[in-house]
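Trainee: Chain D: place on chain W using the hints.
Line order of the protein sequences matches chains W and D.
With the first sequence counted from 1, adding 15 to any position gets you the working numbering.
With the second sequence counted from 1, adding 107 to any position gets you the working numbering.
Quick caveat, the hints were computed from the structure, so don't treat them as lab data.
A few of these clues could be false.
Said to hold, decoys possible - So the derived list for chain W, only partly shown, Cβ under 10 Å to chain D, looks like this: (1) THR47; (2) GLY48; (3) ASP108; (4) GLY150.
Unchecked claim - Chain D regions said to be covered by chain W (calculated; three or more residues, Cβ under 8 Å): (5) 330-343; (6) 350-363; (7) 399-408; (8) 470-481; (9) 806-820.
Think of the CB as a built atom: it goes at the ideal place given N, C-alpha and C, for glycine as much as any other residue.
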Amino acid sequence: MPALNVNGTTTNLDVPDDMPLLWALRDVLGLTGTKFGCGAALCGACTVHLDGQAIRSCVTPVSAAAGKKITTIEAISNDPVGAKVQDAWRRIDVVQCGYCQSGQIMSATALLHATPKPGDADIDNAMAGNICRCGTYNRIRKAIKIASGQA
Amino acid sequence: MDQMDHMDQATPVSSKRRQLLKAGGVAGGGLLFGFSLFGCARQGETPSGDRKEPPPEKAVGQASTAMTNEKPGLAHDAFIRIDRAGIVTLIIHKVEMGQGTFTSLPMLLAEELGADLSKVKLEQAPANNSLYADALLGGQVTGGSTSIRATYKPLREAGAKVRTVLVQAAAKNWNVDPGELKVVGGTIRHEGSNRSVHFGEVVDAASKLSFPAEVKLKDPSTFTLVGKPVKRLDSPAKVDGSAQFGIDVRLPNMGIAAVAASPVLGGKVTAVDEQKALAVKGVRQVLRIEGAVAVVADHFWAAKQGLAAAAPRFDDGANANVSLAGIVADMMKVSQQAGAVAKNEGDALKALDAGPGRRIDVVYEVPFLAHATMEPINCTVDLKPDGCDIWVGTQVPALAQGAAAKLTGLPLEKVRVHNHYIGGGFGRRLEVDNVIQAVEFARLAKGPLKIIWTREEDIQHDMYRPYYVDRMSARIDDKGMPVAWFHRVTGSSIMARFAPPMVKNGVDPDAVEGAADLQYSIPAVRVEYVRHEPGALATAFWRGVGPTHNVFVVESFIDELAYASKTDPVAFRRSLLQKSPRTLAVLNLAAEKAGWGKAMKPVAGRKLGRGVSTQFAFGSYMAQVAEVSVGADGDVRVHRVVCAVDCGQNVNPDTIVAQMEGGIVFGASAALWDQITVEKGRVQQSNFSDYRVMRMPESPVVEVYIVNSHDEPGGIGEPGTAGIAPALANAVFAATGKRIRKLPIGEQIKKA
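Chain D with its partners taken away, still in its complex shape:
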């Protein structure tokens, strides 16, 4: 089963798809089923139970909608096609960036359809916000750990409806009751007469029938695929090198460009040595836009050499003298002002000031972070007077389409986005700065153009996870229990850039996610938000979004309170989680499996410690226990992480395990080592030498325990990342007595 069996990403499916729709049938025979995939929560509806809606990337969905002027496809169709050979094709509206949706989504369909999963093909949906929007996000977006949450019910319903008409067609043909037929592995069988047909043999008859308005879905206890570990469908192509990422696109006569944008945000190109660049063998063109230069060549090496020869100069502009120290000093100042109120229960301000026990006031800080996806930023554009083709790996195809249409003046349908496997998203590819830049250069280029950013360009022109300053205060009564909790978040508002209406009464819901919805029962809680924009750095979503910052702060501070009340950190949390049974259950599970309270195996010359964190985010409950050792020179090693997760109904359990393993390693790199710093308006980091990513010898053993449940599914792409930083910082405290209130841990522990 190679990649081409499963997906033909090189084909511009958008125009083809439209023709199919008009024709109503399928060239070569077969049946096209148009389906609403958006039967669950609609925009603005409150979801059932205690699941909260995601959120941050909801802004991206809205941005997509605003950019394309296309309503999100809440009531429109995604498509399922069955050909006469019985091959089922799912037009998949999500992108695969490692999180496993190209396996889990077809599993949901196949479960109810009764299809053989190995005969389900995938076709990447074209950019079309009115056909392929995510119901939770309100736009054509892959993000916010929503893919399963938004499709769990609708994809199964779609499968059940198609199965129903296929069965009816077969029953009619055999003149038997549809209830007597069984569907297994793409075959419809009548036991009584020992007859069977495969889907392909009845599609033509089925296409003349209408779908039932309602279908009864399987009881989850009878699932045969969902909840069982299934092999990833994208694995073979990613093991033999055939998987096509955006950077792998090759077109006839395509030029390949190296790019240098102004090292300072907002700077402008002032001079370029064009002739010197053109003198480099293989260089075709030097392109200049306001803030960047591209040198186009036959291959990237010549382009890079040509760019060095071109030696572009820039006017740094208004941000020329910005430094990180200046940004942080400014943040510290504004963080002393009262903020917009995100949550206010009881009278926390009063309770902090008076009463028995003692008050604790501390400040936490987390740094700017780069995404550092393994696949550097790239984009390929073929711009012609009557149309524009874009080849890229993107989490937001419709936003890319809209941005290109706006720049070129072409109508939306003349901009075709060919989406690809993404070599690491993590929120970076929710942005279309690369698409905009590529289209701007393409307007000047002779022929199709691929731009590739070097690693240095990628790190220094990222859109960064914001820096945050968090002022925390609490009062512990004389029994050692917290009676008041105050949390003021100060930092950039990503929402205000993406979707200003999402910011209500001055509160950015992303910036306070994981803070405003505190899981611990404390009588008086106040959470505030102060917006502060760094100016010289663009900010953006980063894996785990709001919770990755807030879970660190909340879980570190709750740990401080536990120690202040001389209570074991797990016992302290338990006493505050009595109203959050599912959080409590994962805490207990993680503590038990980790051997909380038992001695760790000694490591010669190193101090040992265990730390814990809990969270409820992205609709999933999680607890992590990390075991670390700290050497005499302050180096921190992570030996083992135990993670307990309750994400409701499992779809592909092995993917859940993989997302926890990977999310934890991703978060650990940042927690231990990473920060983006700025001097003279320039990002100081440049490559993996100074922006450190965890490597094999440093990576911990990760043990994952999944709570079995048939509750609504929660998201799994991001929680692992959010929970690890506090578990590590708390473990470092247990080992050394040093409380880490500023990330990265490594720098702080060495300063101690």
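Here chain W stands alone, though its shape is the one from the complex:
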């Protein structure tokens, strides 16, 4: 019975250890902002932070998340960097269908924590794992530059 610290609250969950964190968040805790896209770490829609690192929750078992700080899109505005990223996303209207954007914002926030002033190559590297089927990449790049004070 893993105890998960999600967005600052610790909850004991009656779920198997090998259950991917994604389904614990969505189906057990009701945090549906984190999305299911591929189930195989190929699309990034399920990205959350584990101790500040961007991880794919669809392939991360709850046992690996237990004892660490899990942050989801629902709480990323409490992180000053996350709030800046969200502001930039709103400022230039990045979203279209919006389904992948929670994951995009989580990946971008982790990038800016590690690299506060990322160049294009840094952005490419950090964001390559997040697919946007609507093709909002031009705006995601621009929003990351705005959030990092480079545009």
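Mentor: Here is chain D on its own, set in the frame of chain W:
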């Protein structure tokens, strides 16, 4: 402004709405305005000017009408509500799937109403084909890039009529001439006496007045909202994770199911290890219908584990040995037969065979494609003896309602469809196969049921963009000008499945759209259609529909003719577009902005090329210039795409730019990499590992130039996708000398 401020999608609005209508007023005070939103082109009418009607999804509208036995609401009402606090609510009959209608439609209303856009709330319309049909499509459908085209005039008229009675009410109250009043930001003001009221203060009085039969609309040059970039109203909810998609629905005691349908279309379930599935902790039930198995559990993980344990077996049925090679060989054969004639001007067959110059004959092919929306297919159903509630993101709510009513035997009004934000439509959610499957399982389930398809299930049980074989022939005279053009399309007829009456004299209008309406002036043109059904794969609309296939073929072949006549591809097109001034204008704009004819910046070790395409589709004119480089091993990189678009009157220009940026990336993935292949009746692709979607490092810079115009608006959701494949293929030719006549480009260039 959170999502709930703008829309309460969790509320079953359908029944509530009816009560309101009967009451005539609004609980809590305020005014409900019933309006015809369908004052522009009616079904069967020819639109003015050179705008052609869309089309393909017209079939979907008709299917919706046929399924529900409800006439499309061409003469009925959509609704606008104003409460005593002055909050305006638009009951929106379109769904938001990224294309921006939840911003642009309220803009149209607010422009004439004089409302503060930030105080306009949206409420998703319930399924009701007789109240919420699209005038162009003839049914309750979001598709075919029609949302703005069908509402541009009626929504503004609705706004103007409501404003008129609000102003009259205020004028009467103050005993002044209505003409002396001004309306700005939801406030009615009388300058002379320095008095003002907000809408909410006069709604009760206004509700007793009748609407004027005619209203004068603003001159577009005086628009204050329309044509200006406005922030998307759905942006905040999609940035903080609160936006609710169909997959996010949660109901008390709901079971969540993983589904395995027969891997071969038409196959049947033969065996399931039910006990093994039930032994998995959290699994509640194993459900079996003819062609699929669902394992229901407390959460999706247990459902997925349970499904693996259930190990469903299938009888593959008649399609057990179908392969793509077999399908294509068959298509090649039937494509040699004469087809139904979609267009015949001059005597192309004769002109091809004789005359000066030379004849060119080639064959083009485009593959089956999956939609691969980011939100996998899902549907939630609560079926009870006296009613059925369906939570889903759908482009066709009335079709979903009708399908569920038919399956359950419930009357239409007992089936309530709660529509949601769509995590990618692209035509996939014009289909209700998921709703049908969910209702079938729900009949066996204990309690509310959510089905979710895994990504693999989603890709392997999609309804695919058809494979097409196009036989192209032309004659170029001794001056290098084309004198005859022949185009025979062979492929599946989506229309024949959806709305058989749309297929006239054997021609599926979708299959030849973008081919039969050739923009180039060529003396003799013949376009034919041969229907061929793949059998083992279901086919369906895919972003850009007919034009996405035909613009690739036409614009690639015209490029071939340009090179054959040793003429610059842009100059060659110009010479043939003298009777299509708006297409010519966007071509010139794109060529200028791209620096056509100027050298590209070298990329070490790579061959460079620029390619161009033009099109007129969905009521919009477009040209694209793509810049690519090709490496020694044949990998193609897209560096820059310049897109010039004339879509008439802009509503929200930033949305137009976004749709071009995104549509181009969407089309580029397919053009470069994607194809669905079949062996032993089974789709071979399964996930983003083998069905490739363009990623950040691969995506080009997209520059969009919009022609300013007050002409009727055209559609913008799909043209960007249709224009990119030929621009890329032509650029690859410019770079390498290799003509791409079969998509995807990547596979072909590597074979070269």
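Trainee: Indicate, hint by hint, whether the structure satisfies it.
Mentor: Status of the hints after comparison with the structure:
1. Here the hint on THR47 (chain W) is kept, as its CB sits about 4 Å from the closest CB of chain D, short of 10 Å.
2. With a cut of 10 Å, the hint placing GLY48 (chain W) at the interface with chain D holds, because the nearest CB-to-CB distance is about 2 Å.
3. Given hint, ASP108 (chain W) at the interface with chain D, holds; its Cβ is 5 Å from that chain's nearest Cβ, closer than 10 Å.
4. A least Cβ separation of about 3 Å between GLY150 (chain W) and chain D falls short of the 10 Å threshold, and the interface hint therefore holds.
5. Counting residues of the stretch 330-343 of chain D whose beta carbon lies closer than 8 Å to any beta carbon of chain W gives 5, which meets the minimum of three for the stated coverage.
6. For a cut-off of 8 Å, the count of residues in the stretch 350-363 of chain D with a CB near a CB of chain W stands at 7, and the three-residue condition holds.
7. Look at the stretch 399-408 of chain D against chain W: 4 of its residues bring a Cβ nearer than 8 Å to a Cβ of that chain, three or more, so the hint holds.
8. Evaluation of the coverage hint for the stretch 470-481 of chain D: fulfilled, as 3 residues show C-beta separations to chain W shorter than 8 Å, against a requirement of three.
9. A count of 3 residues in the stretch 806-820 of chain D with a Cβ less than 8 Å from any Cβ of chain W is obtained; the coverage claim is therefore met, three being the minimum.
When held up to the earlier numbered hints, the structure conflicts with none and fits them all.
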